[in-house]
Amino acid sequence: MIEVLSIPPLASVQDLGRHGQWHQGLGQAGAMDAMAHRLVNLLLGNLAEAATLEIPLTPARLRFPERSAFAIAGAVCGAKLGGRALPRVWAGMAEAGAMLELGPITHGARVYLGLPGGIDVPLVIGSRSTQLREGFGGFEGRVLAAGDVLRACSQSASNLPRSGVSLSLPPLSKGGEILLRALPSSEHDDFSAEAQQAFWSSPYRVTQQSNRQGYRLEGAKLDYTAQGELRSHGIVPGIVQVPGGGQPIIQLADSATMGGYPKIAAVIEADQWRIGQAREGDALRFCRIDLAEAAEAEVQAVTYFDDIARAAHALTAQQKGWE
Amino acid sequence: MFDRADLDRLLAAMRANGVESLTLETQDERLELGLFAATAPAVVAAAPAQHAAKAEALGRFLPRGGEDGLPVLKDGATVQADELLGYLAQGDLLSLISSPVAGKLLGALPQAGAVFGYGDAVFNIEASA
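For the protein sequence lines, the chains are A and B, in the order given. Residues in the first sequence are numbered from 1 upward in steps of one, following the working numbering. Residues in the second sequence are numbered from 1 upward in steps of one, following the working numbering.
Honestly, the hints are just simulated from the structure, not real lab data. Please read these numbers as outputs of a predicted model, since none were measured by experiment. For every residue, glycine included, the Cβ atom is placed at its ideal position computed from N, Cα and C. Just to be clear, a hint being listed does not mean it is correct.
Straight-line distance between alpha carbons at most 30 Å, and here's what the computed DSS-like set of lysine-lysine pairs gives [claimed, not checked]: (1) LYS54/B with LYS80/A; (2) LYS104/B with LYS80/A; (3) LYS221/A with LYS174/A; (4) LYS80/A with LYS320/A; (5) LYS74/B with LYS174/A; (6) LYS74/B with LYS104/B; (7) LYS74/B with LYS80/A; (8) LYS74/B with LYS54/B; (9) LYS174/A with LYS80/A; (10) LYS54/B with LYS320/A; (11) LYS54/B with LYS104/B.
Computed footprint of chain A on chain B; a stretch qualifies when at least three of its residues, placed anywhere within it, have a C-beta under 8 Å from a C-beta of chain A [stated by the list, open to error]: (12) 77-85; (13) 91-105.
Isolated chain A, as found in the complex (with noise of 0.2 Å):
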């Protein structure tokens, strides 16, 4: 159990999303960085699909009032347990009446926190994540506020050492720019040369107009040169589409389920999470890859989550030798 003391808008309950609800007109939701939210349930023994805090905005500051397990992983916000600074993803135990601290947000846009079992919220229509635009799942269908208390779905603590556990995380960046691996789209050859050239070649900024819906980029121009109107099509998350104004706009959790604008690519789920973590300002490069580059990027994280699963169930099982 966690009671919310203080938190800015925006923190709600989410979980892998809701799927197979796209023919109905609703989209699919769920956690922003799948990567941090999939890490902290693992580091607690939860099932990938359990709830999880996202929290986009801090300060924030949380109290247990009985001794529990919890985990955060994301973004770097001097996360502190009872005045203790801890790591940026850190999972241990948190005395009764401790508190959580969260500081500012120096890298990254997003900490996830999760408790044992996963945070207890409803199953609404398949998942657990909040629909902000609908008003529904998660806790209550709104974002977090002082005063709310969130219960975790088992009592039972995990074999945590006494100090806790960090993961090494995969870097977010490289030479200052996010790297998204990205298949061209339906639309792609109906650009022109060299907007294909710039999109593939050149950096786009993050801008303000940036939320869970989708992220508004900044860079060079690209020229759709197909003539007239497109009908709608189902977009998904991860699809970059171009407005009249030739500016990208990428689609994420939150995205509509149809959209009539061209699609020029679509960025592969394994590098979701760095968008997820992108701020304002940061500068996002498409890199081109083909289909099986795809998979094989699919396979590689698994594999990255199989392989913290085995030295986790390791660890365990070394502690249980030593005591």
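Put chain B on the given structure of chain A with help from the hints.
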């Protein structure tokens, strides 16, 4: 030749500085002085206690202050009780090494990549008075 006053001054200096044995040699004289522990309890009691921050797992040492968002730890740094001092890595999984007491780090920090086993002292800390 040392007289009684010389000996008293030397013994007082030994007590004041926690010196348990002293040897003085001239061309034709040799003086050896020793203080038993019972005669210098104040000095022994005043010595700061040393504590070890031990490994809770086996792994390769990884300093703090990289991607973890924490400040880099330097030789001789003052640390708080329970402060995270570094990590032991098993692949991407990191076990934490925490300071058992508030105090000052002694000696050089471990080298990144150095291997430690369960229970090994990774850091030595001189406890604050």
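Against the structure, the hints come out as follows:
1. LYS54/B with LYS80/A: Holds - the C-alpha atoms of LYS80/A and LYS54/B are around 22 Å apart, at most 30 Å.
2. LYS104/B with LYS80/A: Since the Cα atoms of LYS104/B and LYS80/A sit roughly 21 Å apart, the hinted pair holds (cutoff 30 Å).
3. LYS221/A with LYS174/A: Measuring from Cα to Cα gives roughly 24 Å; hence the hint holds.
4. LYS80/A with LYS320/A: holds, 28 Å
5. LYS74/B with LYS174/A: holds, 27 Å
6. LYS74/B with LYS104/B: holds, 11 Å
7. LYS74/B with LYS80/A: holds, 21 Å
8. LYS74/B with LYS54/B: holds, 18 Å
9. LYS174/A with LYS80/A: holds, 28 Å
10. LYS54/B with LYS320/A: The hint holds at about 17 Å.
11. LYS54/B with LYS104/B: holds, 15 Å
12. 77-85: As far as the segment 77-85 of chain B goes, the hint holds, because 4 residues have Cβ atoms under 8 Å from chain A.
13. 91-105: holds (count 8)
Of the numbered hints given earlier, the model fails none.
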